[in-house]
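Visitor: Heads up: the protein sequence lines correspond to chains A and B, in order. Per the working numbering, the very first residue in the first sequence carries number 58; after that it's consecutive. Per the working numbering, the very first residue in the second sequence carries number 58; after that it's consecutive.
For lysine-lysine, the following PhoX-like pairs were computed, each having C-alpha atoms within a straight-line distance of at most 25 Å:
1. 116/B / 171/A
2. 194/B / 171/B
3. 116/B / 171/B
4. 171/B / 116/A
5. 171/A / 194/A
6. 116/A / 194/A
7. 171/A / 184/A
8. 194/B / 116/B
9. 184/B / 194/B
10. 194/A / 184/A
11. 116/A / 116/B
12. 171/A / 171/B
Derived from the structure by calculation, the hints contain no laboratory data.
Protein chains: 2
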Amino acid sequence: MPVTIRDVAREAKVSVATVSRALSAPHQVNEATRRRVLAVAAEFGYRPSPAARSLITGKTGNIGLIVPDLGNPFFTGVLKNVQSRARQSGYGVFVGDSDEDPAVEEELVASMAKQVDGVLLCSPGIKDGQITALAAKTPLVLLNRKVRGISAALMDSAGGMRQSIEHLAALGHRRCAFLSGPRNSWSNRSRTTALRGAAARTGMEIVTLGPFPPRYSGGTQAADLALAEQVTAIIAYNDIMALGALARLRERDIDVPGELSLTSFDDLVFAAVSAPPLTTVAMPVDAAGRIAVELLLARLADPSAPVVHQELPTQLIVRQTTAPPAR
Amino acid sequence: MPVTIRDVAREAKVSVATVSRALSAPHQVNEATRRRVLAVAAEFGYRPSPAARSLITGKTGNIGLIVPDLGNPFFTGVLKNVQSRARQSGYGVFVGDSDEDPAVEEELVASMAKQVDGVLLCSPGIKDGQITALAAKTPLVLLNRKVRGISAALMDSAGGMRQSIEHLAALGHRRCAFLSGPRNSWSNRSRTTALRGAAARTGMEIVTLGPFPPRYSGGTQAADLALAEQVTAIIAYNDIMALGALARLRERDIDVPGELSLTSFDDLVFAAVSAPPLTTVAMPVDAAGRIAVELLLARLADPSAPVVHQELPTQLIVRQTTAPPAR
DNA sequence: AACTCTGTTGTAAACGTTTACAGTCGATTC
DNA sequence: GAATCGACTGTAAACGTTTACAACAGAGTT
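Generate coordinates for the entire structure from the input sequences, incorporating the hints supplied.
Guide: Have a look at this one:
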């Protein structure tokens with residue numbers, strides 16, 4: 058029932074080789090023949106079988122994207138841009154949600170490997186060594202994680218953290234809590250070290266809590282702990298957690314930012330319209346998604362292309378969850 | 058370099074047929090041989106080539122999901138559940154963003170068709186006829202759209218709309234605006250007709266505005282128009298638009314719900330934490346995603362399986378954007 | 001006139017699986 | 001003791017492409 062290259066060849070009175078060439082190496086075939094072939098192909102609605110093609114060429118025309126949580130708009134923001142940039146170059150996108158589980162993550166890469174030309178790993182939770190091992194088998198580009206020898210699109214979390222601390226310090230805060238995210242995520246480590254540096258420099262006392270699941274529920278859970286620590290400000294790992302924390306604080310009748318300041322990371326669409334609007338570090342999600350695809354495509358086109366770690370700037374957006382401390 | 062079935066066969070001292078059977082029809086091969094083959098396969102890290110397999114079986118082990126906007130958490134909510142349910146049955150997920158463009162939508166289905174066993178079309182913008190045509194070529198299941206002859210997971214938008222109108226009517230509103238979404242989307246039509254019915258029944262006067270792009274910007278744009286219409290309540294097509302409208306209303310110093318009530322659809326995570334928290338119709342996104350996959354899998358397993366339109370209930374969640382009208 | 005070159009086409013071998021079919025072998029049945 | 005059976009295995013043909021190689025014609029070169 059499905060129309061094959063043979064059907065087209067028969068109808069156009071040429072060999073299958075000519076049909077194949079008319080489609081994928083147009084200059085190798087006579088102008089007139091080519092037009093005839095294309096006409097027949099269009100008439101029949103012929104589409105080459107990707108399986109057969111990929112079997113022989115070794116290329117699939119697809120890329121894979123693996124993220125820890127499709128429920129988090131931060132990652133779907135990346136996805137949106139990845140898919141759009143990929144499509145622009147004729148690539149399809151496979152998506153996998155690892156649910157923050159390193160084992161699942163590895164399994165996803167492995168099961169995708171043969172169906173894609175390369176994989177984008179977003180904020181991977183697995184170890185550097187495993188990443189390097191995977192990269193040896195499949196072209197890999199990382200998002201939000203730096204591993205030597207592997208190209209990556211990075212968002213400057215550290216810079217964002219410094220801006221946050223300086224902002225809080227300038228407001229007069231002296232003791233604040235950091236609601237940490239996944240313990241071994243690169244983002245979290247990167248933020249933590251930046252935090253320590255900036256805290257030392259500004260004389261800020263830091264209480265690190267967690268790790269918490271970087272989700273709404275993680276935020277609600279964390280809020281109570283932070284409150285017990287007698288801090289005047291909270292830095293949440295991301296906006297979603299901040300939202301959870303905000304909800305919990307409201308339940309407990311704590312005024313934000315009157316009694317407690319709150320900052321976070323991501324600047325998702327709703328950060329501007331929460332109650333009150335979040336002071337948060339804007340992450341260049343769109344650019345990161347696009348650039349990651351471009352790095353991968355470059356590597357596919359030329360496997361010996363240089364490894365690049367492209368770092369994208371972040372910026373603290375001051376809204377209404379931060380204010381000078383109570384007394 | 059990549060290890061093939063032949064490598065495994067050689068090492069295990071059996072034919073390729075036996076290796077193949079050991080993996081995909083275990084009961085057809087002797088216990089001892091099977092264990093030996095599996096051991097070798099594991100040792101070599103052998104993974105069958107999906108391309109070769111699919112070429113001969115005609116199955117890919119993948120499904121496709123096409124949505125109008127990956128930037129909208131409503132659709133990524135569907136995606137999350139689709140991917141998780143699919144993976145549970147060993148299927149991979151291809152994702153496409155049509156950007157609300159019917160032409161892109163069709164092209165996506167066509168380009169996916171050969172790489173997937175079936176496609177999930179979420180809130181498609183194309184015409185019934187075209188959908189039926191596509192369904193003839195590829196197993197198709199619809200999300201949020203009813204077309205005869207094609208299975209679908211539906212969310213009861215109409216019921217949600219009735220609940221919203223009744224709620225507003227009970228509060229005393231007599232004239233409200235509907236900020237409509239994509240003109241020819243099934244959801245929008247379904248909501249519009251339910252709206253008319255419920256309005257007639259409750260004696261509510263309705264001003265239908267739009268269509269607006271169902272995005273944040275659509276909401277900000279719509280807010281001013283609604284305001285000019287002198288209504289006491291606004292029903293937005295979805296939460297994202299409601300958020301946009303809310304932001305614009307705040308800019309113009311309109312008190313919600315004091316001067317103007319606002320309801321919408323979706324109940325995304327942030328609906329509970331916006332300022333003020335949104336009164337909105339909760340959509341069963343999770344269930345819809347899962348069920349859509351199940352309908353598709355059922356159809357794949359048995360192409361003669363009955364067509365089912367599974368309708369899932371919605372529920373109005375009353376929060377703080379609705380109140381009795383001003384005077 | 002023989003050769004080489006270029007442009008166009010066809011033939012056939014791959015790619016890595018699955019599976020119909022045939023075969024082997026030991027055990028069971030008559 | 002032959003026939004039948006069942007469990008297991010192997011051989012080889014497919015699946016739909018791409019592409020190396022060969023073939024051929026006509027044009028240009030010597």
